[in-house]
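Asker: Okay, here's what each chain looks like letter by letter:
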Amino acid sequence: MLARRVLFLVPLSAFLVLAVYLWAGLQNDPRIIPSALIDQPVPEFELPPLVPDKLGFGNKDLNGQVFIVNIFASWCLPCRVEHPLLMKLAEENIVPVYGINWKDRPADALAWLAELGDPYARIGQDPDNNAGVDFGVYGVPETYIIDAEGRIRFKQVGPIFPEILEETILPLIRELQG
Amino acid sequence: MIAEIGQFALALALVTALAQATIPLIGAARGTPAWMAVARPAAIVQLGLMVIAFAALTHAYLTSDFSVLNVVQNSNSLKPLIYKISGVWGNHEGSLVLWVLILALFGAMVAVFGTNLPPSLKARVLSVQAMIAVGFLAFMLFSSNPFLRVFPAPPDGNGLNPLLQDPGLAFHPPILYAGYVGFSIAFSFAIAALIEGKVDAAWARWVRPWTLLAWSFLTAGIGLGSWWAYYELGWGGWWYWDPVENASFMPWLVGTALLHSALVVERRDALKTWTILLAILTFSLSLVGTFLVRSGVLTSVHAFATDPARGIFILMLLVVVIGGSLALYAVRAPVLKGGGLFSPISREGSLILNNLLLTTAAATVFLGTLYPLFLEAIGGGKVSVGPPFFNTTFVPLMIPLVIALGAGPLLAWKRGDLAGVLGRLKFAFAATMTVAVIASYITWGQSVFGVMGMSLAAWLATSVLVTFAERIGLGRVAFADSLRRLSNLPRNIWGMTFAHFGFAILIVGITGASIWQSENVLIMQPGETAQISSYKLTLDGVRDQPGPNYTAQRATFTVRQDGEVTTILEPERRSYMVQNSQTTEAAIYSTAFADLYVVIGDGDGANGITVRLFHKPFIPWIWLGILILVAGGLTSLSDRRLRVGAPARKEKSAPLLAAAGAD
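In order, the protein sequence lines correspond to chains A and B.
The opening residue of the first sequence carries number 1 in this note's numbering; numbering runs sequentially from there.
The opening residue of the second sequence carries number 1 in this note's numbering; numbering runs sequentially from there.
The set of hints was computed from the structure by calculation and includes no laboratory data.
Quantities reported herein were computed from a predicted structural model and do not represent experimental measurements.
For every residue, glycine included, the Cβ atom is placed at its ideal position computed from N, Cα and C.
Check each hint, because a few of them may be wrong.
[Stated by the list, open to error] According to the in silico footprint, chain A covers these stretches of chain B (three or more CB under 8 Å from chain A):
1) 6-14
2) 237-246
3) 518-529
4) 590-602
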């Protein structure tokens with residue numbers, strides 16, 4: 001009888017654990033999640049090119065100036081939302097934007113870029129999540145700001161919104177660019 | 001003035017709900033009929049008050065009353081009439097008003113139609129229903145007031161998110177909410193049964209129609225959302241495993257399990273505590289669905305109300321509702337007496353397998369949706385999710401489900417004869433093998449999943465037909481007798497047959513659309529021709545086309561097949577002035593077996609325009625399958641034995657029905 005009673009406690013216990021996690025999750029800003037990588041050097045990686053006439057890149061290429069690294073995939077909904085902002089960044093030539101095409105089929109990614117436009121100065125393809133693991137990517141899009149010493153200074157999980165761009169990203173880039 | 005009336009109605013509704021949540025409950029505990037009788041008028045008054053509140057908000061939208069903050073933020077005087085109306089629920093506050101309105105509607109329906117319910121059960125059900133209303137009304141009045149005024153009133157509003165300005169999405173939320181909220185009735189019945197300490201076949205007969213109704217709405221709502229994503233988001237997919245889609249899919253999976261386990265309670269008096277748990281979980285997941293979308297815990301294109309302060313209120317609401325009901329379950333469920341025994345190979349056994357697979361699938365989706373959040377919350381490592389995760393975990397669970405679904409309805413209750421059933425399904429085996437061979441021949445060298453999907457669909461469709469033929473004794477008795485059995489067949493059998501057959505159609509659609517799609521992306525100049533599948537598309541021109549509150553770039557394609565003009569397709573790209581954003585409007589040519597899908601991207605008529613062409617085999621079958629599923633649910637709902645509150649009644653034709661295998 002006691003064992004039977006314990007069995008009926010399982011759903012409640014599972015729920016309480018869940019609630020605690022959700023509560024902790026709410027304490028974070030849903031968009032800006034601190035990363036263990038902040039102020040650390042970019043993890044080592046080397047990715048082959050996606051587009052025939054554009055180079056791929058690795059951590060060694062992220063040096064000497066400020067970069068934005070944006071991780072995207074053609075199957076990702078929020079990537080479409082932030083895409084016009086990346087196009088704007090590229091057009092205004094504020095900072096080079098490098099793209100990592102994550103867990104995607106190259107054909108799909110090319111079609112995606114053809115449809116929406118290509119804001120990236122270089123694109124590395126990462127279909128098997130090689131660089132993604134080192135960056136700690138668990139979903140796309142993610143955006144990183146890399147300083148001239150090749151250190152990660154900012155991480156955005158989820159799409160960039162205009163207010164984040166204006167209030168956080170652009171001021172930080174200006175500051176890093178001196 | 002009218003906005004203040006709306007606000008006052010909300011406050012009165014809260015007071016009414018408080019009375020309805022307490023007085024009948026105490027009355028039921030003490031056995032005081034007068035106190036229990038409060039529930040009925042209270043539920044009706046609450047509906048009236050919510051109608052007033054909803055009408056007041058609608059009035060503010062229709063008259064573009066920009067002294068109401070909610071209207072300023074979500075509407076615009078240029079907006080077409082239909083979107084002024086849908087704007088009422090196209091935002092956080094308004095959608096809550098709609099949510100509670102539907103909740104009150106369902107409560108009033110129980111109050112009015114539940115005349116055959118035992119008084120104490122009815123009082124308790126309506127009390128629990130009112131408790132939910134109390135939570136949501138308090139949330140609305142204290143943190144999400146739709147009637148807040150703004151002074152001075154701005155000259156015009158900000159408009160609705162253009163993605164949401166679409167007929168498909170205008171009616172998506174009400175239908176989806178009717179599904180979510182409909183499960184509140186099953187929940188209230190479950191809580192009332194736990195308080196009463198009694199679950200029997202009659203209880204299941206009262207719960208089933210409400211669950212069926214909610215399930216049908218939810219199915220339709222998910223289908224409509226998927227259809228919207230397909231033609232409006234403009235990149236040709238119909239399901240993205242987006243957190244908001246998952247939020248509606250989880251209650252659907254558990255709700256489907258509930259639908260089937262309630263059947264076992266009704267017929268065999270077994271699986272009671274499990275069914276109660278499913279009822280609690282289904283509604284809990286409906287609440288989590290609201291929570292995920294509304295709190296901004298997960299960022300997504302759909303999550304148009306991102307506000308953590310509200311999230312904390314909803315989380316407290318969730319803890320009270322779900323935690324409270326599960327605590328009650330832990331205390332009271334062991335008291336419920338178990339019912340009929342059965343062997344693992346039996347109809348009950350197959351329904352348990354169905355339940356296990358569906359709840360596991362729901363758990364998978366839950367994990368994939370929330371896992372990133374858990375890990376982040378404890379500051380630990382991270383995992384990668386997305387369609388790759390869901391496709392590798394979810395699909396393998398559906399394969400045994402479909403295989404078992406073919407045989408399950410033929411098994412007898414209590415103790416089934418699996419070998420005998422499989423023998424009766426030899427025609428289905430033969431059909432499946434034939435389809436497998438043909439599909440392999442046609443698609444040789446392509447993905448093996450295509451063959452698998454088609455074979456599963458063939459297996460399911462033919463075994464549904466075999467099961468149906470067996471029920472009317474086709475081939476075993478005289479044809480005239482078969483016809484008579486056909487006309488006497490209960491509606492719930494028709495419903496089950498439709499629903500399972502619709503599922504087979506859906507599998508064909510999903511397989512075709514996921515595996516055999518072909519696409520072509522190119523830059524076209526006017527006059528150029530592109531080919532996809534057997535179609536040749538000529539770009540005739542690109543021109544600007546003004547709309548009511550947007551300007552569109554519209555391309556015109558002439559589609560030819562074997563030199564004959566098939567159709568003209570005109571995809572658009574719209575720019576909305578107020579929000580400074582763009583949407584794509586796909587142009588789709590549907591035939592029975594495939595869609596030709598065209599969207600345009602960057603560029604103009606002078607320098608060429610980016611064109612994306614898709615050929616998507618079987619995608620119309622997805623929508624058809626969903627329609628048949630919903631039709632199945634509604635047909636089953638019309639069964640007189642499931643009429644709301646209808647008592648168990650011996651049918652005059654009972655022997656005949658029994659002979660036809662009516663159950």
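Asker: Please write out, lowest number first, the hints stated earlier that are contradicted by the structure.
Answerer: 1
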